[in-house]
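Enquirer: So the chains spell out like this:
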Amino acid sequence: MAKVSLQGVSKFYGKVQAVKKIDLEIIDKEFLVLVGPSGCGKSSSLRMIAGLEEIDEGVIKIGDKEMNNLEPRERNVSMVFQNYALYPHMTVEENLGFSLKIAGLAKKEIEERVHEAAGILDITEFLQRKPSQLSGGQRQRVAMGRAIVRRPDVFLFDEPLSNLDAKLRNQMRTEIKRLHQKVSTTIVYVTHDQVEAMTLADRIVIMKDGIIEQIGTPLDLFERPATKFVATFIGSPSMNMIKASIIKHNDQLSMKTNDGIIVPVPKDKQNSISEGQNISFGFRAEDIVPLKFGQKPSSAWEMQSSVNLAEPLGTETLIFTNFGEIEIVSRMFTPEQVKSNDNLNFALNLDRTYLFDEKSGLAI
Amino acid sequence: MNKKQINNILIWFSAIILIILIMTPGLWVVLTAFRPQVDVMAKPAVWIPRNLNLIQFETMLFGGSEGSMGRSPIPVLSYLRNSLIISFTSTFIAVLVGTIGGYGFARHNFKHKNKYFLLIMLTRTIPGISLSLPIFIIFSKIGLIDTHIGIILVFVALNIPFTIWLTDGFFRQIPRAMSEVAMTDGCTKLQAFWHIELPLSRSGIASAGIFAFLISWNEYALVSNLARSTDSKTLTVGLMDFTAQFTINWPGMCALAVFIIIPALILTFMVQKHLVTGLTFGGVKG
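Protein chains in written order, with the working numbering: chain A, 1 to 364; chain B, 365 to 650.
Keep in mind that a hint or two might mislead.
To be verified - Straight-line alpha carbon distances no greater than 27 Å define the calculated DSS-like cross-link-like pairs of lysine-lysine that follow:
id, chain 1, residue 1, chain 2, residue 2
1, B, Lys479, A, Lys101
2, A, Lys15, B, Lys479
3, A, Lys15, B, Lys477
4, A, Lys248, A, Lys296
5, A, Lys243, A, Lys256
6, B, Lys553, A, Lys130
7, A, Lys15, B, Lys407
8, A, Lys61, B, Lys475
9, A, Lys208, A, Lys61
10, A, Lys20, A, Lys269
11, A, Lys20, B, Lys475
12, A, Lys65, B, Lys553
13, A, Lys29, A, Lys130
14, B, Lys553, A, Lys107
15, A, Lys21, A, Lys3
Please keep in mind that the hints were generated in silico from the structure rather than gathered at the bench. Owing to the predicted nature of the structure, the values given are computational and were not obtained by experimental measurement.
Same shape as in the complex, but just chain A (with noise of 0.2 Å):
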């Protein structure tokens, strides 16, 4: 059993607090994602757990061990770093047998478990190199080999693929996703990638300013985002976004925007909203569409605006296009060519819009 309870736990570097009182339950063989922009605490709490940093206030336990006054080395976990942090003057072998050797066991068993643990990540074949005659992936498996093979009760990874090119980052991340079906240990995983968090993830925690800003499975964050800002984090393109105040208009509270374009509240928030409050108002690329190459939405609001610019991606079309003063993005399905000053008429889905609270960030 390896769950990672987190407690009201606090960092502070001199004055500034980086995490800050934070709770989390991390549920055995869970694979957890700590996702925020930098600075936003998610390093300096997987180091916490390391025990890499100092715990300033609360607790953490690993399985039902408190480790605050633990060393590393007495926590069990394995971590694996940005950079690999490869020992550069022992071959693969070495490199993946060190921590075996530290912790005393025969040679024999060693050998097995780094050739196990080489088997696993397919890097048999460099076993006798030196980190430097490695490519950039090839290091990455030997820093994963490295964890795996100590068996630890939980991984940490501190951003592993970001000094990874494009292809390759998305092969790794697959065989990160791979290598947890096969070792099924408890993960907590480290990055500010969305995509990574998204596709890795059982579950995501969003972090912001040393907080925990939401905590749920990657659909309930792209479905029900909490705050405004995991609202526009989560998803790619970002949710387009705008301010707006509530005012009653035909007897039906509405969204005034800054440009003075009124669009009705959805029937669903109707109740939990007042006249006079500030808002802002979110909906993604898909669900704003011209209506010439899409299927109109139930419940929609209609405008037209002439586009931007359009980028086709083959699956589907991004365009750009203005909603009062500001640029926001559409994206279709439908092989259609669009050319820039195309004047369109947009459908936007209103069951599929998202309200926050201007003041709070909280979703209403």
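Position chain B relative to chain A; hints supplied.
Expert: Relative to the frame of chain A, chain B by itself:
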């Protein structure tokens, strides 16, 4: 001839002049060591040696027959022993303490760290010889004049700042993640240092050691004050034994100088090799 060729010739010409300027005194010392006194003292000077011999070396190392100057041989072997004991011991202590210090400065944050570092480096700006009088007075009060320990202490103090400076730089080059991953791999801090950081910085430590050794080995001014007898006189100070009230045995002195230069020369070549680093390359993003 174009401009580039003229430039090349000028560069080579100046380089050769420079080399001659630098090398001549050294070569003259070596040459003098193998020449008879009469040749050396001849006026007008004899530039091309007429005959060469090993008499000075024989006399120096094996006592030889009564020298041409009618002087008893100089206790070179005692001086050699003193030099070796003093240089090796002081180097060992300086590198040990300095490496720990360098590691501390590279890896740990503490209050006023930069000021302490500057302070330690500032001690290097004081000319060693200006300390000789205070050191002499203190040592004479506590009985360290003419002892190995006294001279070793002085060299250790001289060499530690440099060792700290050099090893600090080397430890800084090693990514912190290296020791962190070692610690999650099951190492204590000390094991991480021993297995990972120390091997990775060994070129730096070796260079620091060689520099410290050369400084101790070649030092003259301070030891000439602190060493009084064969108990502690080093080879460099021993050079002065070749001077008498009215005469100087130049060939003998030069023979000893050659004898001193050899280990220094070997070590200098080793520095060259060790200063080529690139050892940490490959462990991190390449």
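Enquirer: Hint check: lysine 15 (chain A) vs lysine 477 (chain B), CA-CA at most 27 Å. Holds or violated?
Expert: Since the Cα atoms of lysine 15 (chain A) and lysine 477 (chain B) sit roughly 19 Å apart, the hinted pair holds (cutoff 27 Å).
Enquirer: Are lysine 208 (chain A) and lysine 61 (chain A) close enough, with their CA atoms no more than 27 Å apart?
Expert: Holds, because 23 Å separates the two Cα atoms, which is no more than 27 Å.
Enquirer: For the pair supplied as a hint, lysine 20 (chain A) and lysine 269 (chain A), confirm whether the alpha-carbon distance does not exceed 27 Å.
Expert: At roughly 32 Å apart (the allowed maximum being 27 Å), lysine 269 (chain A) and lysine 20 (chain A) break the hint.
Enquirer: Measure nothing beyond the straight line between the CA atoms of lysine 29 (chain A) and lysine 130 (chain A); if it is 27 Å or shorter, mark the hint as holding.
Expert: 32 Å, violated
Enquirer: Has the given pair, lysine 21 (chain A) with lysine 3 (chain A), been kept, meaning a C-alpha gap of at most 27 Å?
Expert: Given that 27 Å is the threshold and the Cα spacing comes to 19 Å, the pair holds.
Enquirer: Do the alpha carbons of lysine 248 (chain A) and lysine 296 (chain A) lie within 27 Å of each other, as the hint requires?
Expert: 26 Å, holds
Enquirer: Please verify whether lysine 553 (chain B) and lysine 107 (chain A) have alpha carbons no more than 27 Å apart.
Expert: 24 Å, holds
Enquirer: Please work out if lysine 479 (chain B) and lysine 101 (chain A) have their alpha carbons no farther apart than 27 Å.
Expert: 41 Å, violated
Enquirer: Below or equal to 27 Å on CA atoms is what counts here, so check lysine 61 (chain A) against lysine 475 (chain B).
Expert: Answer violated: lysine 61 (chain A) to lysine 475 (chain B) is near 32 Å, above 27 Å.
Enquirer: Take a quick look at whether lysine 15 (chain A) and lysine 479 (chain B) sit within 27 Å of each other, Cα to Cα.
Expert: Between lysine 15 (chain A) and lysine 479 (chain B) the Cα gap is close to 22 Å, so the pair holds against 27 Å.
Enquirer: Between lysine 553 (chain B) and lysine 130 (chain A), is the straight-line Cα distance small enough, at 27 Å or below?
Expert: Answer holds: lysine 553 (chain B) to lysine 130 (chain A) is near 24 Å, not above 27 Å.
Enquirer: Does the structure keep lysine 15 (chain A) and lysine 407 (chain B) at a Cα separation of 27 Å or less?
Expert: 79 Å, violated
In this structure, the hints that do not hold are numbers 1, 7, 8, 10, 13, in rising order.
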